[in-house]
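A.B. asks: Sequence:
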Amino acid sequence: MTIQSSPGSSGFLPGSSGYLDMFPERRMSYFSNSYVIGLTVAAGIGGLLFGYDTGKSLFSFAIFMVSSFQSGVISGALLYIKDEFEVVNQSSFLQETIVSMALVGAIIGAAGGGWINDAYGRKKATLLADVVFAAGSVVMAAAPNPYVLILGRLFVGLGVGIASVTAPVYIAEASPSEVRGGLVSTNVLMITGGQFLSYLVNLAFTEVPGTWRWMVGVAGVPAVIQFCIMLCLPESPRWLFMKDDKAKAIAILSKIYDVARLQDEIDHLSITEEEECQKRNDVKISDVFKSKEIRLAFLVGAGLQAFQQFTGINTVMYYSPTIVQMAGFSSNKLALLLSLVIAAMNAAGTVLGIYLIDHFGRKKLAISSLAGVIASLFILAGAFFGKSSGSSNELYGWIAVLGLALYIACFSPGMGPVPWTVNSEIYPEQYRGICGGMSATVNWISNLIVAQTFLSIAEAVGTGSTFLMLAGIAVLAVVFVIMYVPETMGLAFVEVEQIWKERAWGSSSNTESLLEQGNDK
Numbered sequence: 094m095t096i097q098s099s100p101g102s103s104g105f106l107p108g109s110s111g112y113l114d115m116f117p118e119r120r121m122s123y124f125s126n127s128y129v130i131g132l133t134v135a136a137g138i139g140g141l142l143f144g145y146d147t148g149k150s151l152f153s154f155a156i157f158m159v160s161s162f163q164s165g166v167i168s169g170a171l172l173y174i175k176d177e178f179e180v181v182n183q184s185s186f187l188q189e190t191i192v193s194m195a196l197v198g199a200i201i202g203a204a205g206g207g208w209i210n211d212a213y214g215r216k217k218a219t220l221l222a223d224v225v226f227a228a229g230s231v232v233m234a235a236a237p238n239p240y241v242l243i244l245g246r247l248f249v250g251l252g253v254g255i256a257s258v259t260a261p262v263y264i265a266e267a268s269p270s271e272v273r274g275g276l277v278s279t280n281v282l283m284i285t286g287g288q289f290l291s292y293l294v295n296l297a298f299t300e301v302p303g304t305w306r307w308m309v310g311v312a313g314v315p316a317v318i319q320f321c322i323m324l325c326l327p328e329s330p331r332w333l334f335m336k337d338d339k340a341k342a343i344a345i346l347s348k349i350y351d352v353a354r355l356q357d358e359i360d361h362l363s364i365t366e367e368e369e370c371q372k373r374n375d376v377k378i379s380d381v382f383k384s385k386e387i388r389l390a391f392l393v394g395a396g397l398q399a400f401q402q403f404t405g406i407n408t409v410m411y412y413s414p415t416i417v418q419m420a421g422f423s424s425n426k427l428a429l430l431l432s433l434v435i436a437a438m439n440a441a442g443t444v445l446g447i448y449l450i451d452h453f454g455r456k457k458l459a460i461s462s463l464a465g466v467i468a469s470l471f472i473l474a475g476a477f478f479g480k481s482s483g484s485s486n487e488l489y490g491w492i493a494v495l496g497l498a499l500y501i502a503c504f505s506p507g508m509g510p511v512p513w514t515v516n517s518e519i520y521p522e523q524y525r526g527i528c529g530g531m532s533a534t535v536n537w538i539s540n541l542i543v544a545q546t547f548l549s550i551a552e553a554v555g556t557g558s559t560f561l562m563l564a565g566i567a568v569l570a571v572v573f574v575i576m577y578v579p580e581t582m583g584l585a586f587v588e589v590e591q592i593w594k595e596r597a598w599g600s601s602s603n604t605e606s607l608l609e610q611g612n613d614k
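Be aware that the sequence shown starts at 94, since it is given in my numbering, and climbs by one per residue.
Quick caveat, the hints were computed from the structure, so don't treat them as lab data. Source: prediction; values computed, not measured. Possibly wrong hints are sitting among the right ones.
Below, in silico cross-link-like pairs of lysine-lysine (DSBU-like), each with a Cα-Cα straight-line distance of 35 angstroms or less [as the list claims (entries may be wrong)]:
(1) Lys-341 <-> Lys-383
(2) Lys-216 <-> Lys-377
(3) Lys-175 <-> Lys-348
(4) Lys-336 <-> Lys-377
(5) Lys-377 <-> Lys-341
(6) Lys-217 <-> Lys-385
(7) Lys-336 <-> Lys-217
Each pair of labels, with its calculated beta carbon distance range [as the list claims (entries may be wrong)]:
(8) Val-572 <-> Leu-324: 44 to 50 angstroms
(9) Tyr-577 <-> Asp-337: 31 to 37 angstroms
(10) Tyr-128 <-> Val-444: 28 to 34 angstroms
(11) Asp-351 <-> Ser-558: 54 to 60 angstroms
(12) Asp-351 <-> Asp-176: 55 to 61 angstroms
(13) Ala-353 <-> Ile-130: 20 to 26 angstroms
(14) Ile-318 <-> Phe-124: 18 to 24 angstroms
(15) Glu-177 <-> Ser-549: 19 to 25 angstroms
(16) Asp-380 <-> Met-576: 23 to 29 angstroms
Even for Gly, the Cβ is constructed at its ideal location relative to N, Cα and C.
Construct the complete structure from the given sequences, taking the supplied hints into account.
C.D. replies: Structure follows, in structure tokens:
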């Protein structure tokens, strides 16, 4: 099994490390092309929605700045929803349902989002997500009772689920390989930025009549903005190539690459497209499990998404104000203020991750991140064990806050962006939409499980024991990453595809170095 190089590249694939070593003047940096940055930011607004919603209920986490904005707001709004609706205040299950209904919608949206992406394109999928999300925000803001609010959360989740599949793929397919990781991670920055923004909105509306309605209603604004921007932006060039619309694809690629590299990229895409056409059929979910190499890739991608959730990120970001209150800070406003600091650290850590992911590598970054997560979860567990012992010492409250801050500082540069980045680049073109949707669905299902069980488990066994359970899962995640996740930093899409072929069927003398690179980096 050999990797066929494109004409004019002197034996190297465009964007590969060998190609860029031979032609260093063609290497692109993160900020070298304003057009690519613009596409990335516009697509990333979907993450803003999700982040804003998490802060709003302190329970939603999404993919793109638009979804990120909605996620943070729900965490803060939940504190005031309980004040308005007594039935919510008296029921932990209803609180969890308000938060997690968006996740039910996200599961459905992600499951269908892969097919929508492959059939209608990344651009139309994003526009659909914006419309559904904005509609859900309006329904929530006008909700006369908790049950209409839950319906609005379902609509919001549908939009977030579709966006969570679309944004990473759209960004990855428009990105040069040498900066692909950082650009896809920008989408995660939009999520964390949305969470931070949601806490600012929460604080701004704490003294305004109808506090929580303003919090959730404002979440629709980023969706409207993204919808308007996306109308003016192009479709993914790789998707256009796959649909045999080469003229439009080349016009877009000419805005990304200089003339010398452009021809090599076009030649390579043409060769790849010819190979894909020979074996392309309508891809179904069952096909993912029939192909050994695709099955291996999906298991790695889905595993990373599951571990991202089960190591506790939603426990921290969705319930941070509640955790702060449990740690001894009873004021709603103080809890929101401390959560704002946590959200700011989350955004700052993601900025660091944007740099590290294309310099340190995906695999090393994930392992380092998980090591810090394990340590911080032990600190959180110790703080809550001390608090539950009956001590009135406020030190335990501050230790809990320190544990939360350390968790975010370790998680945000690594396990925040790495699963989304890896999933955007490990699948072949014809499987990228459906596998991306399936892995995102795994993320949302895992998210839902955490959302529906954290408070109940904490009440049953104690918060300290719950955090110890999360630490144990994080240890398993380290083992998983070491054993199964390849390093994809700086590899062209076809090189990543070859890694799975080598793992599935063995490596030939011509491709052995790629397998070693994927395992050892």
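A.B. asks: What's the verdict on Lys-217 and Lys-385, does the C-alpha distance respect the 35 angstroms limit or exceed it?
C.D. replies: 31 angstroms, holds
A.B. asks: Between Glu-177 and Ser-549, does the C-beta distance stay in 19 to 25 angstroms?
C.D. replies: At roughly 23 angstroms between Cβ atoms, Ser-549 and Glu-177 fall inside 19 to 25 angstroms, so the hint holds.
A.B. asks: Has the hinted range 55 to 61 angstroms been met by the Cβ atoms of Asp-351 and Asp-176?
C.D. replies: Because 58 angstroms falls inside the window, the suggested range holds.
A.B. asks: Given the hint of 20 to 26 angstroms, check if Ala-353 and Ile-130 actually sit that far apart at their C-beta atoms.
C.D. replies: 21 angstroms, holds
A.B. asks: Check the hint pairing Lys-336 with Lys-217 against an upper bound of 35 angstroms on the C-alpha distance.
C.D. replies: Cα-Cα ~14 angstroms, so holds.
A.B. asks: Quick one: are Val-572 and Leu-324 within 44 to 50 angstroms, going by C-beta?
C.D. replies: 46 angstroms, holds
A.B. asks: Starting from the hint 18 to 24 angstroms, judge whether the C-beta atoms of Ile-318 and Phe-124 obey it.
C.D. replies: Cβ of Ile-318 to Cβ of Phe-124: about 23 angstroms, so the range 18 to 24 angstroms holds.
A.B. asks: Does the Cβ-Cβ separation between Asp-380 and Met-576 fall within 23 to 29 angstroms?
C.D. replies: Holds, at about 26 angstroms.
A.B. asks: So does Tyr-128 sit 28 to 34 angstroms from Val-444, Cβ to Cβ?
C.D. replies: 22 angstroms, violated
A.B. asks: Just to be sure I understand the hint, the distance between the Cβ atoms of Asp-351 and Ser-558 should be within 54 to 60 angstroms; is that true here?
C.D. replies: 57 angstroms, holds
A.B. asks: Compare the distance between the alpha carbons of Lys-175 and Lys-348 with 35 angstroms, and conclude whether the hinted pair is satisfied.
C.D. replies: 51 angstroms, violated
A.B. asks: Are the Cα positions of Lys-341 and Lys-383 separated by 35 angstroms at most?
C.D. replies: Satisfied, since the Cα-Cα distance of roughly 34 angstroms is no more than 35 angstroms.
Hint violations for this structure: numbers 3 and 10, all remaining hints satisfied.
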